[in-house]
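Listed below are the residues making up each chain.
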Amino acid sequence: MKKRNVSLLAAAAALLCASVFGTAHAQETPTKGGTLNMIAQPEPPMLMVGLNTQGPTLYVAGQIYQSLLTYGTDLEPLPSLAKSWTVSPDGLTYTFTLQDNVKWHDGKPFSAEDVVFTADKFLREAHPRWRLIATTYVESITSPAPNQVVFKLKTPFSAFLHAFELSSFPIIPKHLYDGTDYRTNPANQTPIGTGPFKLKEWKRGSYIHLVRNEDYWKPGKPYLDELYFRIIPDAASRAVAFEKGTVDVLRGGDVEGFEVRRLVKMKDVENTTSGWEAYAPLVFLQMNMRNKPFSDKNVRQAIMHAIDRDFIVKNIFFGLGKAATGPIASTTLYYSKDVPAYPFDMAKAKKLVADSGLNPSEYTIRLMPLPYGAMWDRMTEYVKQQIEQLGFKVNIQGTDAGGWSQNTADFNFDLTFNFTYQYGDPALGVARHYLSSNVIKGTPYGNNQNYLNPKVDELFAKAAGAVNKEDAAKAYAEAQKILVDDVALGWLFEMHNVTVNRKKVKNLVTTGIGLNQYMDEVWISK
Amino acid sequence: MLEFAVQRLSKAILVVIGVVILNFLLIHMAPGDPASVLAGEAGSGDAKFIEQLRAQFGLDQPLYWQLWTYLKGVLTGDLGYSYRNQVPVTTLILERLPATLLLTGCAFIFSLVLGIVLGVLAAYRRGSITDSAVMTGALVFYATPLFWVALMAVLVFSIHLDWLPPFDMETIGADMTGWERVLDIAHHLILPTVTLGLFFTAIYTRLTRASMLEVMGLDFVKTARAKGVPKARIIRRHVLRNAILPIFTFASMQAGQLVGGAVLTETVFSWPGIGRLMFDALMQRDYPVLLGVFLVTAIVVVIVNLVTDLLYRVVDPRIEAAG
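Each protein sequence line maps, in turn, to chains A and B. So for the first sequence, my numbering puts the first residue at 1; every next one is plus one. So for the second sequence, my numbering puts the first residue at 527; every next one is plus one.
Isolated chain B (complex conformation) (with noise of 0.2 Å):
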C-alpha cells in the first residue's frame, strides 16, 4: 500500500512538471503580446515604454531561458510575477482559491447526494410518475447551458421574490463576524451551488438510475428477494453497494474541475474565485498568473486522482488485488 503511494506520487510529480512545460510553450505559442496589451490597456504606448515592459518581465529573453527560469522558479515554490497586478502569483492564488474549493465543492456534495437520492428514488419506483417526473427534471437541467439556468434563477429568486441574494461571496461592508458571518456566506452560497450543481446532479441521477437497475437484475438480488429480505433492505445493502462504482468514476472527473470548471458560474454570481482569476489573466496575456492557475489545477487533479484510487479499496476491497 505504502509502495503503490510513493509510485503514483512519483509519477504525479512527473506529470505535474511535464504539465507545466507544455502550458508554458502552449501560451507563448498564442497570438498576443503581454506588453503591447498593457500598453494598450494603459491607453497609450510609444516604442520605449513597451521595450520597459518587455525587459521588466523579461520577455526580451529567447523562450528556453524563459522557460528555465520558470521552472527553476516553480521548484523553489515561486510562481512568479503578475504583470498586470504587480503581486506574486502565489498571492493571487491563494486569495482567490478558497472561494473557488468553498463553491465547487457544495456544489459537488450537493449534486452528489441529490443526484444519488433521485435516482435511487427512480429505480425504486421504476415506471411510476415519480420516475417520470425524476428522469425529465434530470434530462430538462442536462440539456440546458449553465449561464441561462443561471440568469433565470437570479431573476426569480432574487428579483421578482427577493430571497436569495444575486452576486458577492458575503454582504459588503457589513463587517460581520462568526456565525453570523458563516451564515452570511450560506445565503450567497445558495444560488451559486445550485447553478453549479444541477447538470451534474442530472448526470448522477440518470447515471444512479441505469446503474441500480442493471444490478437489480442480477441472480443476488432475486436470491436475496426470495430470501423475503425486505426491499428497502435490499436497495441499500445489496443494490446500492454495488451499484456506486460508475457514480464514483464519474464523480472523480468532476473532482477534478473543481478548480477551473466555474469561470461561468463565478462570473455571473461575482465570486471572486480563481476561474475568473483564469479567464482575466487570458485576455491580459499575464502570462504567469494562467501558469500559475494551471499548476494549481493540474495539482489538485492529481491528488484527486491518488485519493479516488485509494478510495476504490474501501469501497470494494475487491480492487486491492489488482493494485
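Next up, chain A with everything else stripped away, as it sits in the complex (with noise of 0.2 Å):
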C-alpha cells in the first residue's frame, strides 16, 4: 500500500520558512528565562480544555495541555504531540507517530493509551464535536505500538486532519480519568498536560501562574520561566494594564477597538491580525425563516442590499475586519469567490421587497442584539435603521448572554446576531449553521434560522466525505453559490482580531491558532 507521508512535507516547509526567518533574525538568538504578562478575559471558569473549550480556557490550558497536531497559519497541519502521520490513499486509515520521551506534569509518562482513551472515551463523552465525528465517521481506534495510533474510518472524511486542533482534540490523562465522572473528578481543579508550562497558583479573581515544565519532552524548551494569566474585568483597566507595561501581551478582544488604534501608536510596540486562521469568526445577521418576511427569500436579498459592510468595518469596529461574501470565510480553506454579490443599494433593496409583495409596513421585527458592548450595540442601531428605511418597523430587543442563547436556542427571535468559529475546514465549524439535520431545538450554535435545503445537505456531505481536496472543493463552491444565492444567513463581516504585544516579546504568534498555540518558542529579549 503506498502511503503518503504528509509529515515529510510539513517538514520541508518549515525547514524553509526557517531558512528565511533565519536570515531575518540572525543576529537575535533566543535567551532563556523572563516572565510574560497576560490577560485571561473573562475569567475562565477552568483549565481543564477537555470539558471547557472558551477562548480564554484555551489561551490558557493551551499551554498546559497539549493535542496530537496543530495548524500553521495556511492551515496544514504541524507536528504536535505526533510527530509524523500518514494517510492511506483510499482516506480510511489515519496512522500518527507520537513523540518520544513525553511525560505528564505529575511525571507519568505518556503513550499511545491515553489517545485511545481521549479519543475513544473522554471526548466521546464530553465534547459535541468530537462526538459527531467520531460516531459518524470514526470505526475504530487502537494503538498498535506504545508510540502508535491508528484511527479507521467508517466512510473518508476530508476534514479528519482538521479535528485535531487543541479545541477539539485536547489530550486527556488516562491515569487520572478513566473510570471516574469526568465532570466531577477533582483532577479537574489540578490540571495535568503534557505542556512546557504547568500550573503553580489560581487565584481567582486575580491571576492564573503558571511556570516551566522542567521536564519538558522538548530539550532546552520553553524559554521562559513563568507565565501570568492576569483577570482584569474592565476593559478600560486592560488598556491602562499595557500601557503600564503591567501586561506586555494583549488578545484580540481584550481592550476595545478605539483602543487598539491608540496603543498599537505606542513605541516599541507591534502587533499583527495573524493568528486566527484556524477560527476565522465570521459574523452573521440569523434571520428566523419560519415566520414571513424572512420566510421570503426576497426580503431576505433585499436585508442584504440594505447593509452596507464596508461601513460596518470601517466606522463601527474601527477597520478591524473586512466585509463577508459568504459562508466561507476568505483566509479559510475551500473559500469560493464565485457567488452572487450583494453590494449596498437601496434601490434595488426596495425594489426586492416590492417583488415579494409584502407589505412590510405590517411587520415588526423583534432584533436581538449580541450582548458584547458598545461595537455591537453601535451595530445592532445601524442594522436597525437600515431596515426600516425598507419600510419595517425594527424593535430591538436587549438581553444579557443568558437571554440571548436562551432566545436563541428556544428559536424565539425574529433577528439575531451571532459568529462563528470555523476550525480549518468547513466541515468543523461551517456546514453546522445549514444542514437541515442541525436544526435542534435548545442549542444556540446550530441551524437556528431553520434554512432547510435538501441540495445543500447533499453537498456538504459529499464534500466531507471526499477523498481528495479537488473534489470536496468543487463541492463546497457549489454550496456557496446557493447558500448565497438563498441567503442562508446574512453575513457581514470576518472579524479581524488583533494582538498586540511589546516588541520584546518574541515568536509570539507563529501558527494558524495563534496565541492559543503553547508558547514553547516563545523568548523575550533583555
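No wet-lab data here; the hints were simulated from the structure. None of the values given here were measured: they were computed from a predicted structure. From the three backbone atoms N, C-alpha and C, an ideal C-beta is built for every residue, glycine too. Some clues are possibly wrong.
[Claimed, not checked] Pulled a few chain B residues facing chain A out of the computed Cβ check, cut under 10 Å:
# : residue
1 : Arg610
2 : Val613
3 : Trp797
[What the hints assert, rightly or not] Pairwise CB distance ranges, derived in the manner of DEER restraints:
# : chain 1 : residue 1 : chain 2 : residue 2 : range
4 : B       : Glu706    : A       : Asp181    : 38 to 46 Å
5 : B       : Ile635    : A       : Asp400    : 28 to 36 Å
6 : B       : Leu627    : A       : Pro186    : 22 to 30 Å
7 : B       : His686    : A       : Ser437    : 56 to 64 Å
8 : A       : Gly107    : B       : Leu552    : 45 to 53 Å
9 : B       : Trp594    : A       : Ile482    : 52 to 60 Å
Please dock the two separately framed chains into a single complex, following the hints provided.
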C-alpha cells in the first residue's frame, strides 16, 4: 500500500520557513528566562480543556495541554504530540506516530493509550464536536505500538486531519480520568498535561500563574520561566495595564477597538492580525425563516443589499475586519469567490421588497443584539436604521448573554447576530449552520434560522466524504453559490482580531491558532 | 438584655431563611437557562451535551424539589456546587469575602471619619469660606457617578503622576511577606477606598453639619455657652454627642451594603472581591454562587443591624428603656 507521508512535506515547509526567518533574525538568538504577563478575559471557569473550550480557557490551558497536531497560518497540519502521520490512499486509515519521551506533569509517561482513551472514551462522552465526528465517521481507534495510534474511518472524511486542533482534541491523561465521572473529577482543579508550562497557582479573581515544565519533551524548551494571566475585568483598566507595562500582550477582544488604534501607535509595540486563521470568526445576521417576512427569499436578499458591510467594518468596528461575501471566510480552506454579490444598493433593496409582494409596514421585527459591548450595540442600531428604511418596523430587544442564548436556542427571535468559529475546515465549523439535520431546539449554535435545503445537505455531505481536496472544493464551491443566492444567513464581516504586544516579546504568533499555541518558542529579549 | 438578643437572633434566622427562599424563586424566574449559557460558552452544544449539563446540576428536577434540596444543603452548611467553576460555593465565597470586607471596611471607616470631621468643621465655621468649600465638595462628590471618579483617579494618580497602582490588590509575582506585604496591600487599597468612600463621605458631611446646627440651636447649648464653657468643648461634649444619632443610623445602612455594594469599584480596580463574583455569577446564571452570595450578604446585613441596635444603647443610654 502506497502511503503519503504528509509530515515530510510539513517538515520541508518548516525548514524553508526557518531559513527565511533565519536570515532576518540572524543576530537575535533566543535567551532563556523571564516572565510573560498576559490577560485572561473573562476569567476562565476552569482549565480542563476537555470539558470547557471557551476562548480564555484555551488561551491558558493551551500552555498546559497539547493535541496531536497544530496548524500553520496556511492551515496545513504541523506536528505537535504526533511527530508524523500517514493517510492511506482510500482516505480511511490515519496512522499517527507520537513523540518520544513525553511525560505528564505528574511524572507519568505519556503513551498511545492516553490518545486512545481520549478519542474513544473521554471526548466521545464530553465533547460535542468530537462526538459528532466519532459517531459519524470513526470505526475504530487502536494503538498497535506504544507510540502509534490508528484511526480507521467508516467513510472518508476530508476534514479529519483538521479535527486535531487543541479545542477539538486536547489529550487527557488516562491514569487520572479513566473510570471516573469526568465532570466532577477533582483532577479538574489541578490540570495535568504534557505542555511546556505547569499550573502553579490560581488565585480566583486575581491571576493564574504557570511555571516552566522542567521535564518538557523538547530539550532546552521552553525559554520562559513563568507566565501570568491576570484577571482584569474592566476593559479600560486592561488598556491601562498594557500602557503601564504591567502586561506585555493583548489578545483580540481584550480592549475596545478604539483603544487598539491608540495602543498600536505606542513606542516599542507591534501588532498582527495573524494567528486567527484556524478560527476565522465570521459575523452574521440570523433571520428566522419560520415566519414572514424572512421566509421570503426576496426580503432576505433585500436586507443584504440594504446593509453596507464596509460601513460597519470601517465605522463601527474600527477597521478590524473585512466585509464577508459568503459562508466561508476568505482566509480559510475552500473559500469560493464565485458567488452572487450583494453590493450596498438601497434602490435595489426596496425593489426586492416590492417584488416579494409583502407590505413591510405590517411587520414588526424583533432585533436581538449580541450582548458583547458597545461596538455590537452600535451595529445593532445601524442595522435597525437600514431595515427601517425598507419600511419594516424594528424593535431592539436587548438581553444579557444568558437571555440571548436561551432565546436563540428556543428559536424565539426574528433577527439576531451571531458569529462562528470555522475550525479550519467547513465540515467542522461552517456546515453546522446550514444542515437541515442541525435544526435542534435547545442549542444556540446550530441551524437556528431553520434553513432547509436538501441540495445543500447533499453537497456538504459530498464534500465531507471526499477523498481528495479537489472533489471537496468543487462541492463546497457549489454549496456556497446556493447558500449565498438563498441568503441562508446575512453574512456581515470577517472579524480581524488584533494581537498587540511589546516588541521585546519574540516568536509570539507563529501558527494558525495564534495565542492558543503553546509558547515553548516564545522568548523575551533583554 | 440577653432575652432581647435571643429574641432578635431567632427573628434574624427566620429572616435569612425567608430571604433564601425568596431569592431562590426570583432567580429561577429570570429568563436564561444555565445549561444553555454554559453550552454557549463552550462554543458548541448538541442536545445531548445540554441534557448532560442539566442532569448534572439537577436542573431537570421540579422546582420545589430543587428548592428542598438546596434548603437541606444550606441548613447543613453546604451551599452547593458552582455550575461554572466546578468548585464548592463555600470555597469560592470564602476565597473572595476577605478582599471585599477589607475594601468596604476601609471605605466605611474612611467615609465615616472624614465625613464627621468635615461636617463638624463646616458647622463650627458656619458661613465661612471653609464651610462653602466643604459643602461644595460634598455636593460634587454626591452628584458624581462612582465609575467616573474611579477612572479620573486612575488617570491622574496612576497614569500621570504614577503614585498609586491602578489595579490589583497586591503586586503580583512579588512574593512579599509580613509587613512588606501589608504595606503593599495598603498602597493598592488607597484608590479603591477613596473612590468607594467619597460618596458616603459627602453624605456624612451634610448629615453631620445639619444635625450639628440643629443641636447648636437648642437651649442646653445656649445655657452652656452662657456659663462660659469654651466653644470647642461645647462642640465636643454637648453638640456632637447629641448630633451623632442620625449619622449612626445612616452608617448602619451603609454597613449593610458592605458586602454587595462594591461591584463597580471591584471591577474597575480588579479587586478580587465578592461583588464581582456575584456579577459574574449573574451573567452566567450560576445560581448556586448567586444564592450563596445573597445568603452571605443577608447574614452580614442582619448581623450589622443587631450590632447597631445594641450600639444605640451605648451611644445613648436613654434608648435602653424602649428595648
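For each hint, the structure was consulted:
1. Annotation: Arg610 of chain B was flagged as interfacial toward chain A, and the flag holds, the nearest CB pair being 4 Å apart, inside 10 Å.
2. Using the Cβ-Cβ criterion of 10 Å, the hint placing Val613 of chain B at the interface with chain A is satisfied: the shortest such distance is roughly 7 Å.
3. For Trp797 of chain B, the shortest C-beta to C-beta distance to chain A is roughly 8 Å, which falls under 10 Å, so the interface hint holds.
4. Range check, Glu706 of chain B to Asp181 of chain A: Cβ separation about 44 Å, and the 38 to 46 Å hint holds.
5. Distance hint check for Ile635 of chain B and Asp400 of chain A: the Cβ-Cβ separation is about 35 Å, which falls inside the suggested range of 28 to 36 Å.
6. For Leu627 of chain B and Pro186 of chain A, the Cβ-Cβ distance of about 29 Å falls inside the hinted range of 22 to 30 Å, so the restraint holds.
7. The hint said 56 to 64 Å for the Cβ distance between His686 of chain B and Ser437 of chain A, and at roughly 59 Å that hint holds.
8. For the pair Gly107 of chain A and Leu552 of chain B, the supplied restraint of 45 to 53 Å holds, since their beta-carbon distance comes to about 49 Å.
9. Taking the beta carbon of each, Trp594 of chain B and Ile482 of chain A are about 54 Å apart, inside 52 to 60 Å as hinted.
Hint compliance for this structure: no hint is broken.
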